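Chemist: Starting from the given sequences, assemble the full structure and let the hints guide the process.
Here the sequence shown is numbered in my numbering, starting from 1 and rising by one per residue.
Please note that the accuracy of each hint is not assured.
Below 25 angstroms or equal to it, Euclidean Cα-Cα: the simulated PhoX-like pairs (lysine-lysine) are [what the hints assert, rightly or not]:
(1) Lys288 x Lys298
(2) Lys489 x Lys259
(3) Lys489 x Lys288
(4) Lys384 x Lys355
(5) Lys489 x Lys477
(6) Lys384 x Lys440
(7) Lys259 x Lys355
(8) Lys506 x Lys384
(9) Lys384 x Lys344
(10) Lys444 x Lys370
(11) Lys509 x Lys355
(12) Lys344 x Lys288
(13) Lys440 x Lys410
(14) Lys288 x Lys259
(15) Lys344 x Lys440
(16) Lys355 x Lys410
Bear in mind the hints are in silico, worked out from the structure with no lab data behind them. Just so we're clear, the structure is a prediction, and the values are computed from it rather than from any experiment.
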Amino acid sequence: MQGLMMEMPLLVSSLLHHAARHHGDTEIVSRRIEGDIHRYTYAECERRSRRLADAFTRQGVGIGERIATLAWNGYRHMEMYYAVGGMGAVIHTINPRLHPEQIAWIVNHAGDTHLAFDLTFLPIIEAIAEHCPNVRSWIAMVDEDRQPASAKLANLVNYERLLAGGSEAYRWPELDERSAVGLCYTSGTTGNPKGAMYTHRSTVLHAYGAALPDAMGASARDCILPVVPMFHVNAWGLPYTCPLVGAKIVLPGAQLDGKSLYELFESEGVTYSAGVPTVWLGLLQYVKQAGVRFSTFKRTVIGGSACPPAMIRTFEDDYGVDVIHAWGMTEMSPLGTLCRLQNKHLAQPREARRKLLEKQGHVVFGVDMKIVDDQGSDLAWDGKTFGNLLVRGPWVMREYFRGEGGDPLKYDADGRGWFPTGDVATIDADGYMQITDRSKDVIKSGGEWISSIDLENLAMAHPAVANAAVIGVAHPKWDERPLLVVVKKPGAEVTREELLAFYEGKIAKWWMPDDVQFVDSLPVGATGKILKTRLREQFHDYRLPGV
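Modeler: Printed below as a string of structure tokens:
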């Protein structure tokens with residue numbers, strides 16, 4: 001016997017329609033690349049998105065066709081999300097921080113037929129256009145009176161002129177909820193990037209999961225500013241979660257320096273934000289140097305890479321901002337875990353609660369996880385045993401676009417597929433997960449594993465350290481030993497001996513870095529993560545003292 005419920009497919013268009021109908025006057029605020037502030041409402045956003053969808057339909061864009069963007073966080077980019085996905089095509093967000101050759105490769109691999117871009121990226125578009133023969137139009141996301149001229153782009157289109165050719169009477173089609181809606185490529189630190197193709201169903205379920213109180217905890221009372229770019233796994237789903245709950249959304253454009261972000265936080269009454277640790281370093285440095293405080297900012301989600309405990313404590317102790325430590329990946333849409341306290345933790349001493357909140361956290365409903373050894377056997381959830389982290393769930397990818405890499409899943413005795421994340425982690429008895437390393441970054445010394453993340457977090461707690469990374473370097477006896485690479489804060493002085501002494505009593509003696517090297521900066525990739533592959537290349541011929 002089946003139930004007697006209405007059949008309503010889970011579609012991204014329903015998210016924006018809901019916001020327009022039930023939170024119609026809630027604002028979407030954008031700092032444009034022109035420097036001015038644009039503001040309108042969810043109701044206006046849906047009307048323009050309908051017109052854009054109709055315009056693309058009139059251009060012959062069909063179901064499943066990929067349309068790309070190369071753009072910052074802004075209202076036009078959000079319209080592209082909903083117009084393209086809502087009409088049944090696939091929105092493909094491209095990371096502009098990649099090399100132009102890699103961007104051209106991605107455009108061709110995805111089979112993009114149109115590409116919309118912010119003017120910031122016109123030089124990239126001009127560089128790749130001749131290498132992307134399948135792109136029928138390059139759409140400049142700018143007012144008509146600012147439309148650029150380009151001798152290199154014969155098929156250059158203006159966004160507003162294109163949108164004007166559509167009708168607000170366009171009706172969102174009722175699609176199969178398992179239809180493709182979004183495409184994001186991995187950052188491609190090794191080899192070519194691979195594409196994760198999301199469905200309407202997975203995207204809407206992810207938005208629901210993200211909004212839960214013990215996840216992002218978003219609501220209509222919030223003003224949310226996603227610092228994480230819309231080209232980085234869809235700004236962690238916030239352009240979908242905000243309409244679902246009716247939250248005001250503030251889109252910061254290209255100005256992501258500490259001063260610009262602080263001014264936008266204060267002028268728009270931002271209560272909630274999300275971003276990677278490298279961005280928050282700049283914001284915290286600005287507010288400290290300027291001697292200012294936040295008047296409305298209360299919560300932030302930090303992910304993308306492990307957040308140093310020192311940063312969590314600075315936010316909480318100095319500025320009264322709660323940090324929600326999170327973990328996920330492109331292949332997971334991206335959310336997997338977020339760290340929030342449970343009722344039984346509230347009576348614990350403050351330091352115990354803080355140590356728990358430094359972990360990557362507990363799964364969101366819909367995601368399951370486990371740790372296994374190299375033979376695939378389940379490992380204990382004791383908070384100490386390291387293992388390879390596997391995940392499964394309705395917004396977890398089952399295979400890459402075009403079958404790149406074959407079947408990536410690991411199958412258990414019941415035939416269920418689990419996605420191997422490439423992370424090494426522990427899980428405690430309460431189900432709280434902590435990333436100890438990427439499998440390729442863990443330091444294997446004498447057959448034992450050393451967590452580079454733990455060593456980096458300790459270094460970051462030193463008052464003279466601005467940033468730090470730990471890599472394994474060759475050792476004739478132990479195979480690998482840890483090398484600490486440090487960027488000092490401006491004007492600060494610290495010696496190798498002082499940093500090594502800072503570790504004493506905090507870690508096992510055999511975890512102690514064998515040496516320290518000071519550098520002006522650490523190599524950072526397209527998503528704000530430290531590129532340890534680049535560091536290992538830089539220190540390939542390095543020899544430890546006494547070796």
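Chemist: Going through the numbered hints above, which ones does this structure break? Give me the numbers in ascending order.
Modeler: 5, 7, 12, 15, 16
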